[in-house]
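Participant: Throw the hints in and build the complete structure from the sequences for me.
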Amino acid sequence: MAMEAASTGKKERRSGILQRTDVRAGWGLLTPAGIVILAVTIFPIVYSLFMSFNNIQLTTNGFQFTFTGLQNYKDVYSAPLFWHSVGFTIYYSVITVAVELFFGLLIALAIQNVERLKSISIIVMLIPWALITVISAQMWGYIYNGVYGVLNAILQGLHIIHTQVNWLGQPFTAVVSLMIADIWKTTPFVVIILLSGLQMIPKDYYEAALIDGANAWQSFWNVTFPQLRGSIALAGLFRILQAFGIFDLPFVLTQGGPGTTTTSLAMLGEETLFTNLHFGLGAAVAISTVILILGACLIFLSAFRGMVGEEAQ
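Everything in the sequence shown is counted per UniProt numbering, starting at 1 for the first residue and increasing by one.
Just so you know, these hints were derived from the structure itself, not from any lab.
Do not rely on the hints blindly, as some may be mistaken.
[As the list claims (entries may be wrong)] Quick list of simulated restraints, FRET-style, between CB atoms:
id : residue 1 : residue 2 : range
1  : Ile132    : Thr260    : 22 to 28 Å
2  : Ile123    : Phe238    : 19 to 25 Å
3  : Ser121    : Val150    : 23 to 29 Å
4  : Gln19     : Gln112    : 39 to 45 Å
5  : Ile132    : Arg24     : 37 to 43 Å
6  : Ala98     : Trp221    : 17 to 23 Å
7  : Ile95     : Gly157    : 27 to 33 Å
8  : Gln112    : Val176    : 29 to 35 Å
[Unchecked claim] Taking lysine to any residue and the SDA-like style, the derived pairs with C-alpha atoms no more than 25 Å apart in a straight line are:
id : residue 1 : residue 2
9  : Lys203    : Val114
10 : Lys74     : Tyr91
11 : Lys118    : Thr31
12 : Lys74     : Ile287
13 : Lys203    : Lys74
Beta carbons are placed, not taken as given, at the ideal position from N, Cα and C, and that holds for glycine.
Facilitator: Structural data, given as C-alpha cells:
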C-alpha cells in the first residue's frame, strides 16, 4: 500500500510539472501576439487618451504638450458639426447593417439550397467583398457621375428620369448612394458568416419538421432562425464595428459632402487631426468615437443577448 501511495504521489507530481510546463509554453506562444496587440491597439488608444487632455502645439523643437483637462472635449461637444457627424454615423450604420443582414440572410438561404454551381455562386458573390474599398468607390463614382454616369444613362433609357441627376451632389441622394455602395460591398461578408451557420444546422431537424407537417416558412421560423441566431448576432456585431468607423467610402465618393452631409466621425477626426493639425481636438474626437462604438456594441449585445447564448444577468 505504501508503495502504491508513493507511486501515485510521483504520478501526481509529474502531472503537475507537465501542466505547469504546458502553461508556461502557452504563455510563451501568446506573448508575441500580445506584444503586437499592445503595440498596435492598446498603446495608440492610451496615447490618444493622453493627447485628448492636452493642447498640443507643433514647434521647431517638436511637440509641446500643455495640460488642459476636459477643455478639448468641451470644445468638441459644443461644435454642431460633431453632433451632425454622430447623427450621420448612427443612422448610416443602423440602416446599412439592417439591410445587409436582411439581404445577407436571403442570399445565404438561396446559396444553401443551390444543388449545382454552389462553389461558383460563392466565388461570384465574394467579388464585391474582395475589391479594395477605394477601387469599388471609384467604380461607384463612375456609376453615379452626373454627366457620363451609367446610372443616369440607364434610367434615361428606361424613361424613368428625363434629365441628368447629380447623385452625389444632393444631400438625400448622396446619403442613399453611399448606403447602396456600402451594402453592395459588405453584404457578401454577412453571407459568408450566415452560410457557415446554415451548414452547421443538422439536417435531422428539417427531417423532423417535415415529418411533423411543417411547411417551408414554418421550418425556417422554427428550425433555421433559432439555430442561426448566433451567426446573425456575430455578423451584426462585426458590421456595427465596421460601419461606425466608415471613412474610405465617403472620403473617395463625396469627400464628406455635399457640404458636411456625409461627414462621418472618422472623417471628422481625420480632418481635425491631420488637415487642421488640432491634435488635442482630433484625439478627443477619436476617443469619443471609441466610446460610441463600445456603447453601440453593448446595446446590440444587450438587445440580442439570446442570440449569443447569454443569460440575463
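Participant: Could you run down the list of hints and mark each one as holding or not?
Facilitator: Hints and how they fare:
Hint check: Ile132 to Thr260, Cβ distance near 26 Å, so the stated range 22 to 28 Å holds. Distance hint check: the CB atoms of Ile123 and Phe238 are about 21 Å apart, consistent with the given range 19 to 25 Å. The given range of 23 to 29 Å is respected by Ser121 and Val150, whose C-beta atoms sit roughly 25 Å from each other. Between Gln19 and Gln112 the C-beta distance comes to about 43 Å, which sits within the given range of 39 to 45 Å.
For the hinted restraint 37 to 43 Å between Ile132 and Arg24, the CB-CB distance of approximately 42 Å keeps it satisfied. For Ala98 and Trp221, the Cβ-Cβ distance of about 19 Å falls inside the hinted range of 17 to 23 Å, so the restraint holds. The given range of 27 to 33 Å is respected by Ile95 and Gly157, whose C-beta atoms sit roughly 29 Å from each other. Take Gln112 and Val176: their Cβ atoms lie about 30 Å apart, and the range 29 to 35 Å holds.
For the given pair, Lys203 sits about 15 Å from Val114 by alpha-carbon distance, which is consistent with the 25 Å threshold. Proposed proximity of Lys74 and Tyr91 is supported: the alpha carbons are some 24 Å apart, at most 25 Å. Our distance criterion of 25 Å between C-alpha atoms is broken by Lys118 and Thr31, whose separation comes to about 41 Å. Restraint check for Lys74 and Ile287: satisfied, since their Cα atoms lie roughly 13 Å apart, inside the 25 Å limit.
With a C-alpha separation of about 57 Å, the suggested pair Lys203 and Lys74 falls outside the 25 Å cut-off, and the hint is violated.
The structure does not agree with the numbered hints 11, 13 stated previously, though it agrees with the rest.
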